[in-house]
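Q: Below are the chains, spelled out letter by letter.
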Amino acid sequence: MTADPSVTPSTLTLDNVRGWITSFHTLVTEQKAYLTELDSAIGDADHGTNLSRGMDAVATTLDGAAPAGIGELLKGVGMTLVSTVGGASGPLYGTFFLRFAASAGDAGTLDGEAVGTALTAGLAGVVARGKASVGDKTMVDALTPAVTAWGDAIDNGATLTDAATAARDAARLGSDSTMPLVARKGRASYLGERSAGHLDPGSVSTTLLFTALAQALP
Amino acid sequence: MTADPSVTPSTLTLDNVRGWITSFHTLVTEQKAYLTELDSAIGDADHGTNLSRGMDAVATTLDGAAPAGIGELLKGVGMTLVSTVGGASGPLYGTFFLRFAASAGDAGTLDGEAVGTALTAGLAGVVARGKASVGDKTMVDALTPAVTAWGDAIDNGATLTDAATAARDAARLGSDSTMPLVARKGRASYLGERSAGHLDPGSVSTTLLFTALAQALP
Amino acid sequence: MKKLINAADTVVADALLGIDAAHPALRVDHEHRIIYRADTARPNKVGLVSGGGSGHEPLHGGFVGFGMLDAACAGEMFTSPTPDQMFEATTTVDRGAGVLHIIKNYTGDVMNFEMAAEMAEADTGILVESVVTHDDVAVQDSLYTAGRRGVGVTVFVEKIAGAAAEQGRDLRSVAALARRVSDSGRSMGVALTSGTVPAVGKPTFDLPDDQMELGVGIHGEPGRERVPLAGAAQIADRLLEPILADLDFTRSGTIVMLNGLGGSPLIELYVMYAEVKKILDRAGVDVARSLVGNYITSLDMAGCSVTLLAADDELITLWDAPVETPGLRWGR
Amino acid sequence: MKKLINAADTVVADALLGIDAAHPALRVDHEHRIIYRADTARPNKVGLVSGGGSGHEPLHGGFVGFGMLDAACAGEMFTSPTPDQMFEATTTVDRGAGVLHIIKNYTGDVMNFEMAAEMAEADTGILVESVVTHDDVAVQDSLYTAGRRGVGVTVFVEKIAGAAAEQGRDLRSVAALARRVSDSGRSMGVALTSGTVPAVGKPTFDLPDDQMELGVGIHGEPGRERVPLAGAAQIADRLLEPILADLDFTRSGTIVMLNGLGGSPLIELYVMYAEVKKILDRAGVDVARSLVGNYITSLDMAGCSVTLLAADDELITLWDAPVETPGLRWGR
Ligand SMILES: Nc1ncnc2c1ncn2[C@@H]1O[C@H](COP(=O)(O)OP(=O)(O)O)[C@@H](O)[C@H]1O
Ligand SMILES: Nc1ncnc2c1ncn2[C@@H]1O[C@H](COP(=O)(O)OP(=O)(O)O)[C@@H](O)[C@H]1O
Ligand SMILES: [Mg+2]
Ligand SMILES: [Mg+2]
Ligand SMILES: [Mg+2]
Ligand SMILES: [Mg+2]
Chain B
1 MTADPSVTPS TLTLDNVRGW ITSFHTLVTE QKAYLTELDS AIGDADHGTN LSRGMDAVAT
61 TLDGAAPAGI GELLKGVGMT LVSTVGGASG PLYGTFFLRF AASAGDAGTL DGEAVGTALT
121 AGLAGVVARG KASVGDKTMV DALTPAVTAW GDAIDNGATL TDAATAARDA ARLGSDSTMP
181 LVARKGRASY LGERSAGHLD PGSVSTTLLF TALAQALP
Chain L
1 MTADPSVTPS TLTLDNVRGW ITSFHTLVTE QKAYLTELDS AIGDADHGTN LSRGMDAVAT
61 TLDGAAPAGI GELLKGVGMT LVSTVGGASG PLYGTFFLRF AASAGDAGTL DGEAVGTALT
121 AGLAGVVARG KASVGDKTMV DALTPAVTAW GDAIDNGATL TDAATAARDA ARLGSDSTMP
181 LVARKGRASY LGERSAGHLD PGSVSTTLLF TALAQALP
Chain F
1 MKKLINAADT VVADALLGID AAHPALRVDH EHRIIYRADT ARPNKVGLVS GGGSGHEPLH
61 GGFVGFGMLD AACAGEMFTS PTPDQMFEAT TTVDRGAGVL HIIKNYTGDV MNFEMAAEMA
121 EADTGILVES VVTHDDVAVQ DSLYTAGRRG VGVTVFVEKI AGAAAEQGRD LRSVAALARR
181 VSDSGRSMGV ALTSGTVPAV GKPTFDLPDD QMELGVGIHG EPGRERVPLA GAAQIADRLL
241 EPILADLDFT RSGTIVMLNG LGGSPLIELY VMYAEVKKIL DRAGVDVARS LVGNYITSLD
301 MAGCSVTLLA ADDELITLWD APVETPGLRW GR
Chain D
1 MKKLINAADT VVADALLGID AAHPALRVDH EHRIIYRADT ARPNKVGLVS GGGSGHEPLH
61 GGFVGFGMLD AACAGEMFTS PTPDQMFEAT TTVDRGAGVL HIIKNYTGDV MNFEMAAEMA
121 EADTGILVES VVTHDDVAVQ DSLYTAGRRG VGVTVFVEKI AGAAAEQGRD LRSVAALARR
181 VSDSGRSMGV ALTSGTVPAV GKPTFDLPDD QMELGVGIHG EPGRERVPLA GAAQIADRLL
241 EPILADLDFT RSGTIVMLNG LGGSPLIELY VMYAEVKKIL DRAGVDVARS LVGNYITSLD
301 MAGCSVTLLA ADDELITLWD APVETPGLRW GR
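Protein chains in written order, with the numbering used here: chain B, 1 to 218; chain L, 1 to 218; chain F, 1 to 332; chain D, 1 to 332.
No wet-lab data here; the hints were simulated from the structure. Among the clues, some could well be false.
What the hints assert, rightly or not - Only pairs whose alpha carbons sit at most 27 Å apart, straight line, appear in this in silico BS3-like list of lysine-lysine:
no.	chain 1	residue 1	chain 2	residue 2
1	L	Lys-75	L	Lys-32
2	D	Lys-278	L	Lys-32
3	D	Lys-2	L	Lys-32
4	D	Lys-45	F	Lys-202
5	F	Lys-2	D	Lys-202
6	B	Lys-32	B	Lys-131
7	F	Lys-278	B	Lys-32
8	D	Lys-2	F	Lys-202
9	D	Lys-45	F	Lys-278
10	D	Lys-45	F	Lys-2
11	B	Lys-32	F	Lys-2
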């Protein structure tokens, strides 16, 4: 991370994006066992293993790569996730980054609005792929409010840092809201009523994604 | 059992033989778990199950049967054991009774010497079938001294009752002597040195056989 | 955890080495973790590609060969393979007649195969059709959920669609047939113990010594209910009751599979099959063909599942057609 | 104890019902507990009869059929069948050319088969020859002991002698061939856990979580030594070392069987086979044919065994000959 922490950024730079991915990798590594534990309650006990396998591969790919723009960088992230994670989260996180990348194009920096547009594109990709709505007890329950919170903050003139913090908090609230829900999508849905009373693992990893973004925009 | 206990018998009658088999059945049933436990230490944990399955079948067969002589009765016992026990002990106990029966022929009673001849024939059958010698840690280690003790007692003018007691005691001593031995025949031989320190299960059931004979000749 | 493995994270790669070494009729692409037929199918044969998480052997790799699959993609343990694997397999087996993807209904599998199909059609123009199996009656079916899990009927789909492809039918016809098979099968399983995923190192779920999990999934997903351990006859009853309630199996012949989940010995599977057969006889179900053994497993889970397929003469003829794979072989 | 059974004392009878129901090509005599081919072998074919304690499925009943056994006698769990069973089977399958008894070397099996042969020859004049397999290198061989246990090579003997009988060879020639196969095979097994005999209700032996039993027998007989649990590569090494030290396998082709003991899933058997193959390659052993799966099991014991057969062209040709049984099938 070469971003100068003393300056409040007004755009998301290539370095910020690299920092975002690096922080996400660190957080996923730290929380790997926890994510898997959550998945063992209502899934198949592999969400942490899956995502950390993918982010390890992303780190290896990024190491030494010199992408020209944000789009190129995040396309690499998305493709790596798609080809190494498997399971449900692979195509979903992969699609999120691929759509984000396509929206970012070859820009070297993105302003708050452009980031909002890219996040929205990522969310749309996840929904198109997984066909989940808010309330189905999936990562969409964290992703949707986070993307909305970012947009609202930017519309209200917030800094990128504040927008990221708001998105992170919204993701966490959204994730917490999955606790009482009965799952309607993904593996947890096989449990019916018995899926209630547990956090959705994918919504927790999505919170990590926005925690990482906030860390990269100090 | 219709033998009159107040009379010291000088011959083994058909009723005595029936009593012998009945007592053996009772003893095997009582000691079933113990025999299997002995077999689980150095065999495959089925000697009690095998023998009690066989003696149950013998009891069913004998029930209501009216064999004309000792030979006919014990031939039935031997054939039933052969066709219901399986494993090593089935052919061995089966052969023992079949040879005893052949020696007894259609006699209705046997004197001490004739019993000795029949026991010797039974032992010879076991040895011919299993090719074990004394010291190989098998039922032969109990059977051989028991048969010898019977013969010696009769030669010395003992009553059948005393001969049976002597045979029983000799069987028990022979069985005890298997404890330190390394098995050279049967399943226990696979253990090599590790078979030492355990009683041979078949020698213990053979002691029951002579205990039953002593009980039938009170 | 006691397993015949080198390390938790090399199990899939190591097993693929073993499959490669054991079966000269198969060819393994270790980089992409794809099991292929070693021979080349003839031009214009529709290609059949399946795949899924590992840990269900012989499914799917054991069903690659003449008369069944052309390729199977192996995912991580209990984790769907990735789209690049299915893309690679699809482009490799296409002989000009297009490729059928056979997918068990799990969100991950469906999405990964979907991306692969999009890639294949966009990048290469290869026609791809897919069939998603969804036969597990333990799961409530509804438009608002992920639907039923795909389990045992997948074996029937792979065999019967494989026979049709071998006969030279075109992609649409093979896909339609595969969907018909998929729709005509129902399954239900029971676990006596949980399997252990090597990377996790302990059983996926705890099951008391006196209980069993009725309606368990092949990844150890909890089932319909946890009930007291029962005898084979009662277990057979509780497996068949929801199957027979869900579909009428008295109107045609039925192909039955009594499948072991990996940790139960064959003698127990035969005991179970005897009970299943008694119930089917009483229910007027005519068993035309049967399979007893381990076909779609869940690592070392003790337990079994039953799959019934309502099979008309066409399906039975295709079932009887020659097949030569490690897992199913007859007629050659 | 968690098992798919009705009651401990009905397992064998119930499983025979299941085998009967599952395999129309077999016929089961439930009174004598004998599994026969449903079709009649042609006149003058030498009959092949085997049998042994139950709990080792698919051995022996799963190897009854064209090109292999004519009959298999099922004993109680882990207990030799009785002479009257073998007598019945022998008289039933004799087609005028005599009968070969295939016996695993256990005192009980040998004696029971011996009595059956005496009965058959005395009562009916049927010629009986026998082969006693004794391939388990875990056991020290000597004239003064019961000798080595018969294990995996029995599958090879049944297949190869079965093919020879199907070709019309006479009894002496089939028996000589069977003995040659038996003498050319070596096996060694390892247990990670003990199986549980239903009537006993608890595991036959206790094995700590960090140990394995090297050289275990298929009835749970203790092995050569109890050693710390190791990885697949080291296990393969410790199984093959005594086998390769006992017989030279570099002078002809070799048929290899990597056999599961009942409780280990197929994926682990493939992992083991990969390691076995590496060692054989290094040792200059040319693997002509291979089998990976559950062929001679020990109820639900986790673990595996390796069997190597030194096989010249004649044996390999007979191995490749058509066979149609529940456990092995090819060429038909
Ligand atoms: N249809 C879907 N739409 C959105 N997210 C989903 C969907 N299905 C599953 N997920 C997310 O994926 C997470 C599980 O991921 P993971 O455990 O890696 O995959 P799998 O379920 O294949 O094992 C769930 O917690 C949920 O958040
Ligand atoms: N060759 C033999 N000669 C005499 N007795 C033998 C021989 N082999 C085994 N036995 C006896 O048989 C007993 C075991 O019987 P059992 O457990 O019923 O049969 P199996 O060993 O087949 O399970 C041994 O304890 C031993 O006394
Ligand atoms: Mg998961
Ligand atoms: Mg025994
Ligand atoms: Mg998964
Ligand atoms: Mg025994």
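Q: Does each hint fit the structure? Answer for all of them.
A: Hint check results:
1. At most 27 Å may separate the alpha-carbon atoms for a hinted pair to count; Lys-75 (chain L) and Lys-32 (chain L) meet this at roughly 24 Å.
2. Among the hinted pairs, Lys-278 (chain D) with Lys-32 (chain L) is inconsistent with the structure: their alpha-carbon atoms are about 49 Å apart, more than 27 Å.
3. For a cut-off of 27 Å, the pair hint linking Lys-2 (chain D) to Lys-32 (chain L) stands: about 24 Å separates their Cα positions.
4. A C-alpha spacing of about 53 Å is found between Lys-45 (chain D) and Lys-202 (chain F), which places the hinted pair above 27 Å, so the restraint is violated.
5. Between Lys-2 (chain F) and Lys-202 (chain D) the alpha-carbon distance is near 18 Å, which keeps this suggested pair within the 27 Å criterion.
6. Restraint check for Lys-32 (chain B) and Lys-131 (chain B): the C-alpha separation of about 26 Å stays at or below 27 Å, so the hint holds.
7. Proximity of Lys-278 (chain F) to Lys-32 (chain B) is assessed by CA-CA distance (about 49 Å); at most 27 Å being required, the pair is judged violated.
8. A C-alpha spacing of about 18 Å is found between Lys-2 (chain D) and Lys-202 (chain F), which places the hinted pair at or below 27 Å, so the restraint holds.
9. Of the supplied pair hints, the one linking Lys-45 (chain D) and Lys-278 (chain F) is violated, its CA atoms being roughly 36 Å apart against a limit of 27 Å.
10. Pair hint Lys-45 (chain D) plus Lys-2 (chain F) does not hold up; C-alpha atoms about 47 Å apart against a cutoff of 27 Å.
11. For a cut-off of 27 Å, the pair hint linking Lys-32 (chain B) to Lys-2 (chain F) stands: about 24 Å separates their Cα positions.
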